[in-house]
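Protein chains in written order, with numbering that gives the first Met the number 0: chain A, 0 to 498; chain B, 0 to 507; chain C, 0 to 98.
No lab work stands behind these hints, which were simulated from the structure alone.
All values reported here derive from a predicted model rather than from experimental measurement.
Check each hint, because a few of them may be wrong.
[As the list claims (entries may be wrong)] Derived DEER-like restraints, expressed as beta-carbon distance ranges:
1. C:L94 to B:P87: 27 to 37 Å
2. B:P87 to C:E6: 36 to 46 Å
3. A:R152 to B:K340: 16 to 26 Å
4. B:A362 to C:L94: 40 to 50 Å
5. C:D95 to A:P319: 34 to 44 Å
6. B:G38 to A:D108: 53 to 63 Å
Ideal Cβ placement from N, Cα and C applies to all residues, glycine included.
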Amino acid sequence: MRTDKLLDFDKAIELYEPVLGFEVHVELNTKTKMFCGCANAFGQGANTNTCPTCLGLPGGLPQVNKKAIESSIRLGLALGCEIAENCRFARKQYFYPDLAKDFQTSQYDEPIAFDGSVTIELDSGREVTVLIERAHMEEDAGKLTHVGGATGRIQGADYSLVDFNRGGVPLVEIVTKIIEGADADAPEVGRAYVAAIRDIVRSLGVSNARMEEGNIRCDANVSLRRRGTTELGTRTETKNVNSLRSVERAVRYEIQRQAAILEAGGTITQETRHWHEDSGTTSAGRPKSDADDYRYFPEPDLVPVAPSREWVEELRATLPEPPAARRTRLREAWGFTKLEFQDVVNGGLLDVVEETVAAGASPADARKWWTGELTRIANAQGVAVETLVTPADVAQLSALIANGDLTDRLARQVLEGVVAGEGSPAEVVEKRGLKVVSDDAALIAAIDEALAAQPDVLAKIKDGKVQAAGAVIGAVMKAMKGQADAARVRELVLERAAQ
Amino acid sequence: MTDLTRLTAAELAEKLAAREISSVEATQAHLDRIAAVDGDVHAFLHVSDHALETALAIDQRRAAGEQLGELAGVPVAIKDVLATNDMPSTSGSKILEGWLPPYDATVVARLREAGLVPLGKTNMDEFAMGSSTEHSAYGPTHNPWDLARTPGGSGGGSSAAVAAFEAPIALGSDTGGSIRQPAAVTGSVGVKPTYGGVSRYGAIALASSLDQVGPVSRTVLDAGLLHDVIGGHDPLDSTSLTDQWPSMAAAARKGATGDLLKRLRVGVVKELSGADGGFQAGVKQRFDETVAALTAAGAEIVEVAAPSFEYAVAAYYLILPAEASSNLARMDSVRFGLRVKPEGGPVTVERVMSATRDAGFGAEVKRRIILGTYALSAGYYDAYYGSAQKVRTLIQQDFAKAFAQADVLISPAAPTTAFELGSLVNDPLAMYLNDVTTIPANLAGIPGMAIPMGLAPEDGLPVGLQLLAPAREDARLYEAGAAIETLLTDSWGHSLLSQAPALKEVAR
Amino acid sequence: MSEISTELVRHLAGLARIDLSDSELESLTGELAQIVDSIAKVSEVATPDVPATSHPIPLTNVFREDEVRPSLTVEQALSGAPEREGDRFKVASILDEEQ
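With the sequences and hints as input, model every part of the structure.
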């Protein structure tokens, strides 16, 4: 494989203006497929969920899934779009073995939603508004497996096998208008935009929204325009971008690759490119032609979809708070810095922190425990952090520290116990006897013992060398197995010494 | 014993209900008839090997006292365009040779549910594209009136089957006249319901916005009885109407008294009357005589104009190929049907698809697929497909105006009597003009019926009358059709088909 | 006059995935040219003020509830397969990449 020349990113940005566009396909989580009653289910035996319609048998006819329409409208609304008063499905025609009817039932010039926008916030705090051209409904194709080649890919395969379980699954395709002015932030804009779509989709509950499972697929369009010119450059479309990080890397790579070609006096080929996760590169796919003749025409087996304005408003009322707005509200309510808040969000901990605060903990405490000790434990055990303990547990732990029953150190032990399934924090404290001893008499007894064992310390303290108390405090803490408030012990030691 | 094959479905049903005959007897009689004459007629592509089993089961249920539908136990033939899970469904094409669908078309399921006995699948022009059944990949069907002539198309098999008394009733499909035109040239009856009146689920699609499944029979009442079984909303067909339909059989019975004629306003469409020539003389003559008979019976004849009909055939031959080219794309060698390895060169799926479709599709189908691909291709959509859809609007408007002045419209159902096999098959344009009278109803979605109106004097071959009613007024069509049928058969003193020449029977 | 050329017919046949022989190409070109001439007249009456009718009987909002209906069994689904491997349809190697 030929290695692409890449221009240094900063140099590329200096000379060229990147222009971006994204097509994100969202797989809806309806129970059934878009145009038939077969189950929309992942990971089942090949060809167990097919019927004459989705298998493209002669005589099959489509029936529109009402829930898919609902989800599409809700998604359109959440993207700030207008919802069409009247729209139709259209046939997009091409031949491919994974396309059962050899046309895809999609929408062409009458999408169900159009003219929206999504505002994203970059790490630097810069806000970018991405305009949404349209969101339309369509169906997925079946799944091809290539057999016999070295890499499991098409090239070199001896034959291919087709499973139509996925054929007909509802998709919503979200298309942005071109994004200009991202400049050096272009890669991050890509990542942040797709992340925003994922968050919106998740908050609506219309899709499982897991990129790794293909619930959300992104195609990134990148072109460069020499600074100072107005004409758009030739764009490439990079597919197979399966994670947020890949979106960022792929955009960056394409900018560098295209800049190198242009700087060397070459021209960009309008083509589809594939992103390769392992090598962090894109490679040429099929030549892309705006003149790809899909021979679109309105789907004659279906009738128009004309959502009443009443229905649209009913659905609008079901929308949850937009994720971006919710995040701003929480960050301000909790008084976190942007970085602190980002930690929580990046760890996927926003919901549990919110619930922990609702259970009575302070935001600072909630953040501290979830992003700190609990994340550490989760990573060590290789599990998801939300599965370790409940928000109520964390709130209770925090309360026990606040009222002096536990020190921070003891709390960690208690947490271990809760994670191990020994019960709630209070129960663990009880079972393991980890409560801070607050009885002064017990402390004094331990102090006296320690002083007796280290007679010179007392003299030093009386002499003014207060730091010497440290040794006694240490001994007492050890004797108390940490179940003492070190500050109180210090107080008592000094009192004793003063006597 | 009466020759059971000469009885109508209604008569058979009566005798079955009265236990005078059994379904096994009725079915056997028709199987015998098929064996005797179908070698010459070739109406059937497949004869069921378990029809008698089905008939027996009905007889047993009846004997057990079960309440059965009116047509239970009556044999029926099914056009091969319909998916049947127990008989091959080829749509007259090599590309589907031997294909056994894993499901039944909705209308077939309804037939079975109602206790009818499927006799077999009937011949048709490949994928219903044609007006003579000569484009079948399995050889043509021969007109029972004259075996050297075509029985019309695309549903020549079903019409020939009933005209040859091989089946009392049959199912057909009509996209541009494929039920009505064969009815006309075989002296039988055929109905295209209002678009959406009968489910298309399981009917191998030709042109989605034009196709309808309908009954083929020898009498209007029989068509009505069959229509009642198959009609009505199907949730699997998104274009099917949710209307509650009245009984077509009841409408036919009501109409048969003939009283209707005294208050019927009958419109004669100037553009379809043969007034401008283009119709065989005998066809025009019988039509004029029918108009006179109607007038004598008290009907009011109104002349209506439909200027947009001039563009109907052109619009049809844009819409149909466009939709058909898309509907036939699925015949791609992957999931069912023919698969052909390309000769020489790499065996890629793309080349297998192309080689398969070349080998599997006949010339007329290829012609229309290429034409349709052209009509939809980038840059041509507006001029062709888009424009044709506008002609549709104009045709609907013309019909609306016509129906404001008339209750039903009439015209000859076909411009000529049955033509000779081989005479038009190499002249596609001339072939297309056979549909000039029937196409407007498909474009507009209104229901149409063809009934016999006589024999052309010059050749003694059947001539058919077409009736049209407004959308959703199928019952009106049956009422008027039955009334006119009564008028005509009374004037002849017998049914038209009783005059068909006897077919040579193969000795058994 | 129409622009039906053999080149165009070859292109259309490619789009429609039908392998045409040279003689088929030739005869189709002639036939199509004639047919297109006769149908081109629709554009005469299809003026901008005339709306298109794509469905003869206007319906809207025909939906199906999102409830699972029984699918074909795997054997039924594969019953027509010209070639299969296990429970999947088998096809020859693919030249073009996915759309």
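Here is what the structure says about each hint:
In this structure the supplied range 27 to 37 Å holds for L94 of chain C paired with P87 of chain B, their Cβ-Cβ distance being about 32 Å. Look at P87 of chain B against E6 of chain C: about 39 Å separates their beta carbons, and that is inside 36 to 46 Å. Between R152 of chain A and K340 of chain B the C-beta distance comes to about 24 Å, which sits within the given range of 16 to 26 Å. Distance hint check for A362 of chain B and L94 of chain C: the Cβ-Cβ separation is about 28 Å, which falls outside the suggested range of 40 to 50 Å.
With their beta carbons about 42 Å apart, D95 of chain C and P319 of chain A fall inside the hinted range of 34 to 44 Å. Taking the beta carbon of each, G38 of chain B and D108 of chain A are about 55 Å apart, inside 53 to 63 Å as hinted.
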